[in-house]
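Asker: Sequence:
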Amino acid sequence: MGELNFSRILKRGLMFADERAIIDLASGYDATYRQHIDRVKQLIGALRTLGVSPTDRVGVLAGSCHEYIELWHACLSGTAIINPLNSRLAADEFVYILNDSGTTVLFVDATFAPLVAEIRPRLTHLRTVVLIGGADAPHDLRYDELVDAQPVGSIPAEPDDDQPAVLMYTGGTTGLPKGVILPQKAIALITYRSQMGMLIEPGWRYLAFMPLFHVGSIMTWALLIPTGGSVYLLPGFEPKAVMNAVRDHRITAIAGVPTMFGLIVHHPDFEPSMFESLTLMGYGAAPMPDALLARYMSMYPNLNFFQAYGMTEFAATVCALAPHDHRTGGNILKSVGRPCVGVEVEIRDPDTTEPLPVGDVGELWIRCDSAMLGYWNKPEATAHALVDGWYRSGDAGRMNDQGYV
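Residue numbers for the sequence shown follow this note's numbering, beginning at 243 and rising by one.
Think of the hints as simulated: they come from the structure by calculation, not from any bench. Heads up, some of the hints might be wrong.
Stated by the list, open to error - Using C-beta positions, here's what the derived DEER-type ranges look like:
id	residue 1	residue 2	range
1	Glu-622	Asp-382	29 to 39 Å
2	Thr-353	Leu-418	38 to 48 Å
3	Ala-483	Glu-387	40 to 50 Å
4	Asp-334	Glu-387	24 to 34 Å
5	Lys-576	Ala-625	13 to 23 Å
As the list claims (entries may be wrong) - SDA-like cross-link-like pairs, simulated, lysine to any residue; straight-line CA separation at most 20 Å:
id	residue 1	residue 2
6	Lys-253	Pro-393
7	Lys-576	Gly-631
8	Lys-576	Met-553
9	Lys-482	Thr-501
10	Lys-576	Tyr-646
11	Lys-482	Gly-270
12	Lys-620	Gly-631
No residue lacks a Cβ here, since even glycine has one placed at the ideal position from N, Cα and C.
Turn these sequences into a full structure, and let the hints steer you where they fit.
Answerer: This is how it looks when you write it as structure tokens:
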């Protein structure tokens, strides 16, 4: 049993048993922490009845819904290794990932069930397809029937810190997707670090509209549990739906990519009063354009901004521009911020692998305890990427004398 595991985070949710945990705006589902954790316990029992062991891979191919969060939590409680599939991939890529991972149980919604039925003869390990939702689509079992048939049991014994928890495939720019193996401690550490960096407070209401298959979705299924916050879930990004949800539910935090926030502020129906409840706007994947950031800051002088730079191999964020960095302004806003607590970054010569002087451009090498265990079934790629405890990112960058990358 370890100390850095998701089970310990989930159990903390019981301290806020009667607070609202998940509000699925598409389906109307609304659950307190007690109700949600009871549901997760039933799902854990259901997975066991399907013969799933802690080392088995359980896949999810679905849009954002409360069942997806339940699956994250049940698997991360030491029940299975979750394999969340990028829903934007093509059929051949799904076949490769499901076969390479050895996924035995796959949860799908009605959108993807027909595709899975079509490719199923090519899937060498899959034995059970579970359908999320009540629509008519190909399946072996239905999610609600499977879960409802189980008693409310208990969360398993806390897993070891280094027990594999997540198998998440990352495409990169060349070759076949690589499966990143993340241990329990990676999920726990990134939760605690992000809690500090984002200044998360009790009672937060977070609006989630980013896909739940992405490593950045940790904001949706982990970060608010330690403080008893509420997640309001949208099936995807649509500017007017986001605007209305923030206004109607007095949302305090959102996160997305800068392009999304540009579409919102330029929408003909947008009014500044819609976002007056916000206390945090998180963003990543690209810098916030100067003019867009200035516009938001002028409308909401007390709004905190947080930029995250990260990668799947570290369960998300490794560097961040904190709220005070945005208020300082200047050239640091062109950076991705400083390394997070517990993260080391060095700029090295990509050929000699020697550290470079401050200000020189080189390859980012990263070291921290939330690193992946390796790439699934790819020992050579793992050996190339992980060198003496450091990860070779392949990203080019430089660091100034204040530590901004």
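Asker: Run every hint past the structure and note whether it holds.
Answerer: Now the hints, each set against the structure:
For the pair Glu-622 and Asp-382, the beta carbons lie near 37 Å from each other, so the given range of 29 to 39 Å is met. Against the hinted window of 38 to 48 Å, the Cβ-Cβ separation of Thr-353 and Leu-418 comes to about 24 Å, which falls outside the hint. Between Ala-483 and Glu-387 the C-beta distance comes to about 30 Å, which lies outside the given range of 40 to 50 Å. Checked against the given bound of 24 to 34 Å, the beta carbons of Asp-334 and Glu-387, roughly 32 Å apart, stay inside it.
A hinted range of 13 to 23 Å is violated for the C-beta pair Lys-576 and Ala-625, which are about 34 Å apart. For the hint linking Lys-253 to Pro-393, the alpha-carbon distance of about 18 Å falls within 20 Å, and the restraint holds. Among the hinted pairs, Lys-576 with Gly-631 is inconsistent with the structure: their alpha-carbon atoms are about 29 Å apart, more than 20 Å. Between Lys-576 and Met-553 the alpha-carbon distance is near 19 Å, which keeps this suggested pair within the 20 Å criterion.
A threshold of 20 Å between alpha carbons decides the hint, and for Lys-482 with Thr-501 the separation of about 14 Å falls inside it, so the pair holds. Restraint check for Lys-576 and Tyr-646: the C-alpha separation of about 10 Å stays at or below 20 Å, so the hint holds. Pair hint Lys-482 plus Gly-270 holds up; C-alpha atoms about 18 Å apart against a cutoff of 20 Å. Straight-line distance between C-alpha atoms of Lys-620 and Gly-631 comes to about 17 Å, which keeps the hinted pair within the 20 Å bound.
Violated hints for the displayed structure, listed by number in ascending order: 2, 3, 5, 7.
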